[in-house]
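**Student:** Spelled out, the chains give:
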Amino acid sequence: GAVVSQHPSRVICKSGTSVKIECRSLDFQATTMFWYRQFPKQSLMLMATSNEGSKATYEQGVEKDKFLINHASLTLSTLTVTSAHPEDSSFYICSASSGTGVYQPQHFGDGTRLSIL
Amino acid sequence: DAKTTQPPSMDCAEGRAANLPCNHSTISGNEYVYWYRQIHSQGPQYIIHGLKNNETNEMASLIITEDRKSSTLILPHATLRDTAVYYCIVRVARGTYKYIFGTGTRLKVLA
Chain A
1 GAVVSQHPSR VICKSGTSVK IECRSLDFQA TTMFWYRQFP KQSLMLMATS
51 NEGSKATYEQ GVEKDKFLIN HASLTLSTLT VTSAHPEDSS FYICSASSGT
101 GVYQPQHFGD GTRLSIL
Chain B
1 DAKTTQPPSM DCAEGRAANL PCNHSTISGN EYVYWYRQIH SQGPQYIIHG
51 LKNNETNEMA SLIITEDRKS STLILPHATL RDTAVYYCIV RVARGTYKYI
101 FGTGTRLKVL A
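Protein sequences appear in the order of chains A and B. For the first sequence, position 27 (counting from the first letter as 1) is numbered 27 according to the numbering used here, and the numbering increases by one without interruption. For the second sequence, position 76 (counting from the first letter as 1) is numbered 76 according to the numbering used here, and the numbering increases by one without interruption.
Hint data in this document are derived by calculation from the structure and do not stem from the laboratory. Where is the CB? At the ideal position from N, CA and C, for every residue including glycine. Some hints here could point you the wrong way.
[Claimed, not checked] If you only want the chain B side, here are some residues facing chain A, beta carbon under 10 Å, derived:
1. C12
2. A13
3. Y34
4. Y36
5. Q38
6. S41
7. Y46
8. H49
9. L51
10. N54
11. P76
12. Y87
13. R91
14. G102
[As the list claims (entries may be wrong)] Only some residues are given here: those of chain A computed to face chain B with a beta carbon under 10 Å:
15. Q42
16. M45
17. T49
18. C94
Isolated chain B (complex conformation) (with noise of 0.2 Å):
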């Protein structure tokens, strides 16, 4: 299975644009990689995800590198509400599709 890498913790001003960096060296072709956040004491929240091409929707962009080995989840305005442990998910594509979660960066925004 596909693991990912990232960093503990990060911290963004608010109104500027956050990236959020993750590296998965082993993906193999047919994964697609998730981006999950999660506020304290709640369940995650899907964001977006992606397998090759770039992606956007209300919440944030996701840019996959050519060669698929890394990420970057990018809040282009982040707010004090977007405080919170954000994860990157490669997830498994055989079997029952499981999720295996890695540690997160945990994201503070501050005023």
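So here's chain A without its partners, still in its complex pose (with noise of 0.2 Å):
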């Protein structure tokens, strides 16, 4: 149980290109899901926490017209990479919680390296 899948893997576009990430909690039902990025040889980096129903919660140093949210159900979150450059690069990861319990922990996918030409 407590199944997060991320679609696409992986995706290689050109400069300028918006790119849509996808985050399913396939076996359960996620009111919250957090989107990650993670550089080269670099720990995991909060980007914003997705709320089903109402607007993301974006960390300081994050540009919220850069990285579009919507979580429009209790399964499934989108992140949108907008006009991508280069250094958009990276790899980016969701998660999610199971259960109703605040201390359930979170479960996450398999990630999406983004490569922007």
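Combine both chains into one complex, guided by the hints.
**Tutor:** Rendered as structure tokens:
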């Protein structure tokens, strides 16, 4: 149980393109999902918290107009990188908590490797 | 938010127990400790979590000191597949309950 699926796993596109990444909780409902970014040989950096039916909460320094987050249902959150540039190339990972208890662990997707040419 | 400190790297012989320490001296009374590992180019995998009692599951054991200022993750019989970066996280116990990842410990299991 507690499976989180991310799609696509890898995307390569030209500079200026907008890219959408999907995060789905397959066997549980997630009112809150989280989006992280990870550069090579570095730790995960939280970008934003995605709340079903409301606006996302962005961490300091993360441009909300650049990284659009939509959480339209209890099983799906999307991250859109708008007008992507080479510096946006990174490993993007989502997570979600199963269960209703606030101490339930987060479960992570397998990430999306984004390469902007 | 509580911060965690972990050694940057460790080696362990295959078949031996791997003991990964974590310091979280500013942990609050209602904050849990979570352990994850990340194998190259994958998302983090949940291992175990606990509040103040020792915990054990099919993957590992978690030992939390009585003052809760540190913990140790124990992989009882390490295999080559346990080579990964291990993260100790103290979850923010308010608001959105988000994780803040530290730098983790890169565990290398040696044949």
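**Student:** Which of the stated hints cannot be reconciled with the structure, identified by number in ascending sequence?
**Tutor:** Those not satisfied are hints 1, 2, 10 and 11.
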